[in-house]
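Enquirer: Numbering (my numbering), first residue to last: 20 to 622.
There is no bait here: all hints are sound.
In silico lysine-lysine, BS3-like type, Cα no more than 25 Å apart, as pairs:
#  : residue 1 : residue 2
1  : K446      : K488
2  : K425      : K402
3  : K574      : K545
4  : K230      : K118
5  : K484      : K442
6  : K574      : K510
7  : K512      : K402
8  : K421      : K484
9  : K371      : K64
10 : K371      : K335
11 : K512      : K490
12 : K425      : K446
13 : K545      : K402
14 : K425      : K463
15 : K520      : K402
16 : K425      : K488
17 : K488      : K512
18 : K589      : K550
19 : K442      : K249
20 : K557      : K505
21 : K402      : K484
22 : K510      : K565
23 : K419      : K473
24 : K64       : K118
25 : K230      : K371
26 : K450      : K484
27 : K490      : K589
Across the chosen pairs, the derived CB separations fall in these ranges:
#  : residue 1 : residue 2 : range
28 : D469      : A336      : 41 to 49 Å
29 : K473      : N154      : 47 to 55 Å
30 : S73       : N105      : 13 to 21 Å
31 : E63       : D352      : 23 to 31 Å
32 : K416      : T350      : 17 to 25 Å
33 : N154      : D352      : 36 to 44 Å
34 : D352      : T152      : 35 to 43 Å
35 : D417      : G116      : 47 to 55 Å
36 : E423      : D586      : 26 to 34 Å
37 : S538      : G482      : 34 to 42 Å
38 : N579      : S553      : 23 to 31 Å
39 : S73       : T152      : 16 to 24 Å
40 : A336      : N154      : 32 to 40 Å
It should be emphasised that the hints constitute simulated quantities derived from the structure, not laboratory data.
Ideal Cβ positions, reconstructed from N, Cα and C, are used throughout, including at glycine.
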Amino acid sequence: MRRALLALIAFILILHPVAAISYADKPYFSGYIAQSNYLTTGEEKTLYVVLQNSARLWKIDYADQQEFQLFSNNPDYLKMLSTAYNVSVRFESDGLGVKTPEMFFPAIPAFQPIQLPVVVDASGVEEGEYDLTLNISYEVVDDVSFSSSLSITPVPSQDIYNYSYNATLGTYLPVPYQQIQDYQTTYSLDYLKIYYAEKTQEIRLKVVVEKPDVILNVTDVRSDIVAGGKGTITLVIKNDGKRDAENLFVSLLTPSGFTAQGVQQVDLESYTKALETMLSQNPMFSQFGLQGAEVQLPPELQSMLTQSAVYVGSLKAGESINVTFRVTANTGDGGYYPFQVRGTYTLDGDVKQTPPVAFGVSVKDKPEIRIVSVNSTVFAGSKGDVIIEVESTETLKDLKAKLETKPPLSAITEEYFVGDSAKATLKFRVKASGDAESTVYPAKLTLTYDLNGKEVEESFDIGIKVGDKIKFELDGQGEIPAGEEKIITVKIKNTGAFEVKDATARITVVDPFSTTDDSSYIGSLKPGEAKEVSFRLKADRDATPKTYALNLEIKYRDLNDEWVISDPVKLPIVVTEGRNTIPGFEAVVAVIALIAVAVWMRK
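Work out the full structure, taking the sequences as your base and the hints as a guide.
Expert: Put into structure tokens, the structure is as follows:
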């Protein structure tokens with residue numbers, strides 16, 4: 020019976036019902052602005068807001084012993100109660116511009132402050148106090164329920180014996196004295212459920228906006244800047260501060276790709292006095308004159324002297340002034356670009372700077388130039404014209420053009436001046452060598468023009484077509500007996516693509532030939548047309564009978580009225596045997612003639 024009872028006890032489960040927990044404090048937030056909460060009118064500034072979960076666990080009501088054991092044995096469960104979950108912070112203000120978007124945090128434990136950078140813009144607001152509101156949404160542990168079990172398991176019993184001496188047996192025998200029974204208690208967590216509640220909180224922080232002593236605002240912008248060129252920016256700058264700015268320099272801060280230079284004529288004496296005043300009002304420069312600026316300058320002066328600055332002098336509170344800068348735009352694209360101005364001035368013996376003021380400048384697109392056409396009258400072995408039509412979306416000032424070629428082409432006239440024009444016809448004289456082929460050869464055209472005072476170059480790759488050299492065909496041949504002289508007539512045909520003018524055919528005479536007339540005038544010869552040419556030619560008496568070939572060239576004027584000499588064509592001359600004669604016949608005839616003369620003289 021006792022063993023059965025022990026076995027039953029071993030399997031008894033003690034079930035703990037679902038329980039809820041109550042505690043305080045639940046998570047809540049406090050915040051403040053670190054460093055300074057002051058802004059000046061027109062200023063954009065980053066404020067640093069410190070946000071802290073200030074929950075402190077000072078009271079926890081447990082439902083029973085098991086609940087107490089659950090949390091006391093698990094410190095992380097206690098931390099969970101004081102942690103804010105799924106936190107979102109949204110910023111807004113009743114007058115200031117807030118540029119920081121909503122922030123999110125998965126969890127913020129108690130007493131672990133976080134710093135939030137908040138960008139606030141005081142442009143267009145009056146001086147005074149403004150609220151920066153933090154709208155906080157988060158979740159907290161609302162209820163915790165769990166189920167636990169308790170098992171009691173008997174441990175094998177322990178028997179205790181006493182020993183007594185048995186005289187009969189002569190030894191000690193055990194005698195049962197006491198039996199000890201122990202039990203093992205085991206606690207286990209079956210499940211844990213956490214229930215969250217959503218909470219919201221609003222924290223208002225004070226931000227003070229003050230009107231600065233001197234603040235510059237840009238009230239008007241005029242510009243004629245062209246991308247890739249130069250231009251001017253004229254600003255209307257107003258002192259919206261409460262005090263006058265003395266010895267004021269206005270600097271222009273340019274975006275990448277732009278450089279600036281002040282263009283106002285400044286009274287050198289006033290400029291010098293302004294610098295001397297700035298230097299003398301800094302104690303470390305009191306012993307120097309203007310030459311003392313070569314030593315280490317205050318940062319404000321370094322900035323002013325290394326940037327494009329215009330000396331304004333005195334600008335009273337509420338007054339405006341026009342300031343003009345000349346700007347070089349090294350960017351190739353037009354658009355709307357951000358610029359800034361900043362003032363450097365003296366006030367109560369100190370050199371001060373105004374915060375940068377941003378404004379936008381519209382930059383016009385660079386003129387778009389295109390090559391409309393390229394026409395060529397260049398033929399191999401001659402000079403010709405290359406005519407290029409160009410046009411631009413804007414009138415180009417002082418437009419010049421340069422043509423660069425490579426062999427077998429050479430530019431006889433490389434440069435061409437146009438002047439001011441949006442459309443231009445460029446004409447270059449180009450020569451092609453005799454070995455040039457009928458194809459298109461690459462060349463580079465460079466256009467140079469004035470873009471608001473800056474010389475701008477643009478290069479274009481073009482092609483120059485070279486035509487075939489005019490070729491001629493010869494029809495016919497000459498035939499001369501050895502030792503005789505004859506007029507040789509053949510036909511010359513123009514197989515080229517254009518008419519030649521003032522053409523003359525000429526032969527090159529070599530042994531065994533001689534001539535007294537080696538040229539023949541042709542005149543004009545149209546494509547496909549043929550004309551006869553004649554030459555007087557004599558063959559030596561001892562010329563070997565066979566077919567010879569003499570070079571024949573044609574000199575003519577081409578389409579460009581340039582003299583051209585054609586490639587030689589071969590004129591075939593057939594030399595035949597001379598007429599048969601009696602040996603010494605000529606000497607006999609001469610003797611007879613002398614005798615006849617002598618007889619006649621005697622009569």
